Amino acid sequence: MGDVSGFDEFVDEHGTRLLRYAYLLTHDRYAAEDLVQESLLHVHQAWTKKPPEHPGAYVRRAILNAYLGEKRRRAAAPPIERDDSRGGPSLEDRAADRDLWWRLLGDLPPRQRAALVLRYYEDLPDQQIAFLLKCRQATVRSLIARGLTAIRTSSSSADLVTTLGEEHP
Amino acid sequence: MNDLEQNVRDAMHRRAGDVDGGSVWPPRRDLRAAAARSNVPNSTPMRVVLALSVVITVVVASLGGLWLVNQDGGASDRNVASLPAPAGQQAVAFRGVQVFVPASFALEIPGCDGLQGDHVRVGADGTQALCFAAQTVGFTTVVLRPYSEASNAELAALARTPATVSGVDALRGSRPLIVGGSEYVLVVPSKKVAVGVRTTSPSLAATILDSAAIVAVDTNGCETEAPGELHAGTTPPASAATGAMVAEPVDGASVCLYRRNIAERSATLDAASAQVLATSFNALSAGTSRPQGPIDGPGSCPDADARYLVTFRSGPDDLPPVTVVFASCTDLFVTNGSDTSALTYAVMQDLFRKVPYIGSFRMPA
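Sequence order for the protein chains is P and B. Numbering follows my numbering, with no gaps: position 102 of the first sequence is 102. Add 1000 to a position in the second sequence, counting from 1, and you land on the number used in my numbering.
Read the hints as simulated data drawn from the structure, not as lab findings. It is possible that part of the hints are untrue.
Here are a few chain B residues that face chain P, going by a calculated C-beta distance under 10 Å [claimed, not checked]:
1) E1005
2) V1008
3) A1016
4) G1017
5) R1145
These numbers come from a predicted model, not from an experiment. Note that the Cβ used here is the ideal one computed from N, Cα and C, for glycine as well.
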């Protein structure tokens, strides 16, 4: 067994923050828990060989990779047959969400969503976001700009749904 | 930063704040012993088992509530009343969806500290990440939690096999867990409830999920849909201020937690606990109290309609129910419909211990 000194303390100190970060990426609490768990497993294995110099960035990157990897796997898988009787989220469901911006964020493609989370939740500069997303800084700026544009464009109709839902809970 | 960016930032931080609480490590010695007894896959380093034993616990739940389940069920109509638990089983309900779990399963354990065996969580939402070690070392975890297709996309994709629960459409599914075992889920969309069983025993999961039923009254006597007696608004009724909130002494009580007029959690109190609560109600000052902190508008109190309904018993009789409005943006109060008293911090703490609440609220100022 290698040296894992500091790992327990790191997880203890950052566990909640990591879970929140994963939740913002996945928009699903169960998925977030699994994502953090899976990522910590990988990080722990690496930690036994050599503790990372910047464990926070290391773990965030692991979580991000797991998230984007899962999205890629889902995208590559045969489409799930949809039961039309269930339809999409009902008006009630959408209204129950009570958070327009959260819903619009959830509609973004994974990389755009990730870029926005890293910028507006983690408060990271372009350079670090580029490192985490494995892309150029210009690409980061483009992802964020496109994400914000998509949110701005969608906000009018979504706002209407929320208003209707709140009037008729 | 422009308005749009500020809105996005605010939304993220607001939602992230739903994942509340702190990391709690389970006792290492006990976990090592438990892990040694388990069939942890050889590829999983033991230190990983320990290191991943992170649980995020809701602050209010960590107050250490004891959830008592009354196993004296009522009528047998699956859609009308509660179902009595078979021998060796206990009933657990959330929003009208009830399952039976082995009587040995612990209920409402805060954090991982007491989590050394099979257990049930009710209403787990957001912050209640499961204790990872529990999944690994062979424990079974049952979670009854809120569900909506809009906000649980992963779960919706997982539960795709049509099923029924008491004649109501439902969906089932399963998936392997990375740490071993599997998660088996049952979703009842119309009730907005998901039941998850994380276990290494497929047969146990099947038994638990097969027992699911829709009930109109849970085993603690709480109606799934809020009864008419439940004070419906967040404005206190005009108070006659004529006497005690509760006629003492009392012999017991049921405490029902409603949100959007649907029962989420409940408890049965014994005589001693009920008496303490009744006395504290009667000691409250007439009037109402205000929530702590600045109120930025209705959005500051998204669960304004959350409330407790406490029904005390005196001998064979139920006393008039008492409603506790605790999540409003305006008035916080306790009322029996005629008398209204100001809710206090101490009374809220006592209620949270009895029936933990997971959601947005502000303690009384």
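Status of each hint after checking the structure:
1. E1005: It holds, given that the least Cβ distance between B/E1005 and chain P is near 7 Å, below 10 Å.
2. V1008: Nearest chain P Cβ about 5 Å off; hint holds.
3. A1016: Interface hint status for B/A1016: holds (4 Å vs cutoff 10 Å).
4. G1017: 8 Å, holds
5. R1145: 8 Å, holds
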